[in-house]
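Protein chains: 2
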Amino acid sequence: MRWTQTWIPTTKEIPADAEIISHQLMIRAGLMKKLASGTYTYLPLGLRVLEKITAIVREEMNRTGAQEILMPALQPYDLWKKTGRNQDYGENLMVLTDRHGRKNVLGPTHEEVVTSLVADHLSSYKQLPTNLYQIQIKFRDEYRPRFGVLRSREFLMKDAYSFHASLESLEETYQAMYDAYCRIFSRCGLDYVVVEAESGPIGGAASHEFMIPTQAGEDTIVRCRDCDYAANLERAECPPPAETPTKDTLEQPEDVHTPKATTIEAVCKFLNTQPHQMIKTLIFRSGGGEVVIGLVRGDHELNESKLAAAAGVDAIEMADEETVIELSGAAVGFAGPRGIKGKAKIVTDHAVAAMQNAVSGANRTDYHTRGINPGRDFPLDGLADIRNALPADRCARCGGELAFSRGIEVGHVFKLGTKYSEKLNALFLDENGKRQPAIMGCYGIGINRIMASAIETGHDADGIIWPGAIAPFHVIVLPLNMDSPEVVSTAEHIHDELESKGIEVLLDDRSARAGFKFKDADLIGIPWRVVVGDKGLKAGHVELKSRTQKDIRKLSPHDVISHCATQSP
Amino acid sequence: MRWTQTWIPTTKEIPADAEIISHQLMIRAGLMKKLASGTYTYLPLGLRVLEKITAIVREEMNRTGAQEILMPALQPYDLWKKTGRNQDYGENLMVLTDRHGRKNVLGPTHEEVVTSLVADHLSSYKQLPTNLYQIQIKFRDEYRPRFGVLRSREFLMKDAYSFHASLESLEETYQAMYDAYCRIFSRCGLDYVVVEAESGPIGGAASHEFMIPTQAGEDTIVRCRDCDYAANLERAECPPPAETPTKDTLEQPEDVHTPKATTIEAVCKFLNTQPHQMIKTLIFRSGGGEVVIGLVRGDHELNESKLAAAAGVDAIEMADEETVIELSGAAVGFAGPRGIKGKAKIVTDHAVAAMQNAVSGANRTDYHTRGINPGRDFPLDGLADIRNALPADRCARCGGELAFSRGIEVGHVFKLGTKYSEKLNALFLDENGKRQPAIMGCYGIGINRIMASAIETGHDADGIIWPGAIAPFHVIVLPLNMDSPEVVSTAEHIHDELESKGIEVLLDDRSARAGFKFKDADLIGIPWRVVVGDKGLKAGHVELKSRTQKDIRKLSPHDVISHCATQSP
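These protein sequences, in sequence, are chains Y and Z. Position one of the first sequence corresponds to residue 1 (my numbering), numbered consecutively onward. Position one of the second sequence corresponds to residue 1 (my numbering), numbered consecutively onward.
A hint or two may mislead.
As the list makes no split between identical chains, a pair holds if one copy fits it or if it spans any two.
[Unchecked claim] The calculated lysine-lysine pairs, modelled on BS3-like cross-linking and capped at a C-alpha distance of 30 Å, are:
id, residue 1, residue 2
1, Lys247, Lys269
2, Lys550, Lys434
3, Lys434, Lys33
4, Lys260, Lys82
5, Lys554, Lys519
6, Lys247, Lys81
Hints listed in this document are in silico derivations from the structure and should not be mistaken for laboratory results. Only a predicted model underlies this, so the values are computations on that prediction, with no experimental measurement involved.
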């Protein structure tokens with residue numbers, strides 16, 4: 001391919017809205033171009049990368065025996081009502097009303113569509129397992145699209161859905177997909193970490209995320225420095241504190257006037273105490289309408305998915321003011337575990353159970369209670385881990401030290417269980433003729449995110465450093481002087497020969513200054529660079545340089561061709 | 001691939017809404033499955049076909065030097081306001097309001113996006129020509145989706161857009177794309193007809209459609225039996241009538257009372273006359289607000305795009321009642337060319353100009369005028385061809401007989417001119433340093449329509465007959481008896497050997513009756529069928545049959561492998 005015949009609009013300018021390096025370089029190297037907030041056009045160079053990643057994903061999916069299909073982006077809204085996900089997704093869901101007044105969802109994922117598809121054809125356990133995947137455009141109405149393709153409104157996903165007659169069969173496919181994911185990210189040249197993620201209805205670690213560790217990531221990875229435990233922040237387990245209570249004197253509860261002190265900070269200031277001596281009483285409501293109360297230490301962050309799981313409900317959100325007032329008998333900000341009334345599931349975090357002489361809301365407007373001792377002053381029925389881990393915590397597995405880092409989620413494998421098959425009637429007759437809902441798994445990969453992650457973890461001050469397998473071209477041939485017939489014809493010869501050998505090669509045939517071309521070659525990050533100049537040619541050689549190394553090798557045009565055709569950089 | 005490991009839900013049932021054979025067979029052969037009105041999931045077999053077509057299209061596009069990109073489906077509505085296409089598309093346009101209240105278009109095509117993309121980077125004529133294409137999902141809010149994928153709400157298109165500094169350069173790319181389209185449809189095994197379509201702002205036949213002749217098509221193709229003239233109905237030229245007027249006595253205009261006779265039929269009945277003796281006076285309004293009147297014979301159909309072109313306006317729609325009453329001074333249904341008042345462009349069809357003693361509305365409620373003689377009773381300034389051709393018409397080129405047939409439009413090449421580049425500022429400096437809008441062409445192919453067309457033109461009573469190049473598999477191996485170890489192992493051997501040679505082969509390893517498997521093999525239409533049975537094996541042979549022929553050849557397993565690997569059916 002000749003540079004003048006393709007379209008690579010490189011630029012020095014860093015777009016004002018590009019906060020992270022991959023976003024900056026994808027624009028600067030002419031890989032893509034912003035259309036509107038959260039939507040991008042892939043230009044020829046960017047699309048080549050995307051197609052290479054797609055080809056690797058497709059190959060590894062086919063290798064597992066998964067069957068490729070293609071589902072519509074437009075989905076009936078009614079299907080989403082059946083699973084309740086029209087509510088769960090909230091405003092992130094793109095909804096379109098058509099000319100006949102029917103509501104359609106622009107799919108962010110395809111659980112409903114694929115489950116109803118399988119439901120229509122499933123009758124016997126003999127048809128299972130089956131694993132269907134697609135590589136398709138997804139939509140998400142992000143409140144604030146940013147970080148380039150990492151948080152965009154339209155993106156390319158590989159999503160797979162498997163259906164099983166038994167948990168063992170699900171486990172087998174889950175493992176096959178897990179292994180395929182490892183191969184995919186390795187082949188794309190990425191260093192990845194697999195972390196335990198959300199637990200699901202099946203129990204245990206029902207889900208794993210594939211993370212690319214980088215500062216630009218939005219997710220927090222928690223890893224043990226001593227064993228191989230790794231989880232995302234939402235999932236990372238917090239073991240009960242090892243220390244036993246140390247204070248001998250257990251105070252008696254006493255209400256203190258704390259006017260307008262509705263935050264941890266305000267109360268601490270007022271009572272001259274510390275956040276870790278306070279109990280936060282947080283009141284939620286589940287999708288089913290139940291009230292759930294979580295008690296965590298003042299310096300800890302409550303983890304909603306842990307709390308929901310501990311309370312045995314699907315999803316929770318903060319309760320409204322009315323509910324809080326009704327339960328506590330006080331204005332918002334003064335609820336406490338002692339004597340809270342009404343019907344609610346109370347879950348107490350392990351760390352709270354270990355507290356002594358603590359401070360909490362008094363269930364009385366403008367009052368807090370001090371001298372509270374859990375167990376004595378309120379019951380500890382629902383003891384569980386309902387908070388986020390902190391760097392000071394110890395590994396739940398081995399007691400080792402934890403390391404926190406940032407990462408980009410590029411893949412997710414999940415044991416869904418029967419949530420969708422039950423609601424959408426994906427049933428089969430088992431070996432005993434009994435009707436059962438299919439057990440499902442789902443498996444996603446963000447194709448665009450792989451591309452951005454490769455740049456986040458592969459670049460230097462000059463530009464992108466592509467891993468060989470997903471580089472848009474393998475070789476760039478750079479003639480120093482387009483006015484020299486010998487330089488041009490040698491460069492063209494090298495280009496044509498490599499192309500005829502099936503090597504993807506870009507010839508920078510622009511009439512531009514050599515320095516300008518060097519800068520662009522580094523910016524777009526092609527693994528091999530071949531420079532052809534008059535001076536070298538007189539000495540019988542051209543120059544070969546790898547994007548990752550400093551040294552330049554002088555080779556004859558003949559040798560450079562066979563070298564680039566056979567060696568990876 | 002083994003049948004039991006993929007997902008091909010064949011069925012005998014014809015879906016109630018499937019009016020045409022391709023729609024029926026695509027469902028019956030398990031190629032796709034309806035999700036909702038006008039949306040379909042492609043199942044593994046269907047997707048294989050789609051991907052083969054896509055690969056051919058991509059290869060031929062790349063061969064022309066066109067550059068592949070990928071634009072978002074979500075487009076800012078504001079961009080469409082700039083070109084006015086938000087109005088032109090009407091209710092067919094899918095519009096989505098996002099969480100921030102911004103309107104987005106789900107792109108049915110990408111002229112706005114690609115033009116603004118190029119506009120941002122274009123500065124000099126040296127950057128031109130450029131030709132950008134994508135293969136991408138498109139959306140259209142069809143009033144009544146039908147005919148399976150032929151008129152659906154979500155479909156796969158190849159759309160290309162070229163930008164030029166001169167008409168000659170546009171002409172060159174237009175021809176290259178035209179030639180590429182011929183190669184694409186030929187390679188897909190389709191008999192196609194290229195017809196002249198809409199004329200455009202550049203003049204001449206600015207557009208060609210690629211049609212697959214078949215009764216199921218929604219378009220009408222007009223072809224000359226004597227020369228190679230071919231056009232779609234909208235474009236087909238109607239030459240002025242060859243005969244000169246024959247009546248010697250020119251009557252005088254006379255108003256006749258025709259109460260409530262507002263249709264051609266009613267007036268004919270009332271006055272005992274014929275539609276071809278009547279003049280229809282049809283009143284339109286252009287996008288710019290101008291009133292345009294078209295006069296056609298009572299038995300002719302007015303062609304709106306011809307009328308708009310003749311009147312020199314962009315697009316027209318029927319005028320409202322108020323306008324008609326104001327112009328004619330009468331209720332709707334009684335307008336006539338004689339003495340019509342007000343500011344309007346009047347265009348008279350050639351056939352009207354040749355009429356004598358005609359009947360028309362009297363511009364007076366409940367009255368018609370007879371004895372009207374065009375030229376004498378109203379001026380013939382705007383004489384043009386503004387009607388649709390009829391089978392009785394003669395070829396505009398050679399005077400030969402016309403043949404009318406139906407066809408499916410699978411491709412369209414169009415010289416756009418500067419409509420979009422002017423409105424979206426895709427400007428360049430020419431060789432003289434003068435700023436000019438880029439001259440554009442656009443080129444579309446309906447990928448799904450190729451698939452449906454191949455079935456419409458390639459099937460028999462038993463099922464699909466795929467053209468070799470786009471068949472989902474090349475060979476189906478059919479073991480007659482899955483309980484016979486020898487049959488199974490021979491079938492598997494043939495399957496494995498062919499697969500190792502890169503031949504796409506499907507092994508029907510289902511434990512089903514032979515007759516059932518034969519029926520399914522014919523239904524899904526694989527070019528070669530290899531039958532393995534006990535009886536044959538004892539005699540040392542298996543049976544080879546082509547989907548298109550009746551005769552069965554007996555070959556050794558070894559010979560059948562080398563035959564299928566080297567011969568096309």
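query: Out of the numbered hints, which ones does the structure contradict?
result: 2, 4, 6
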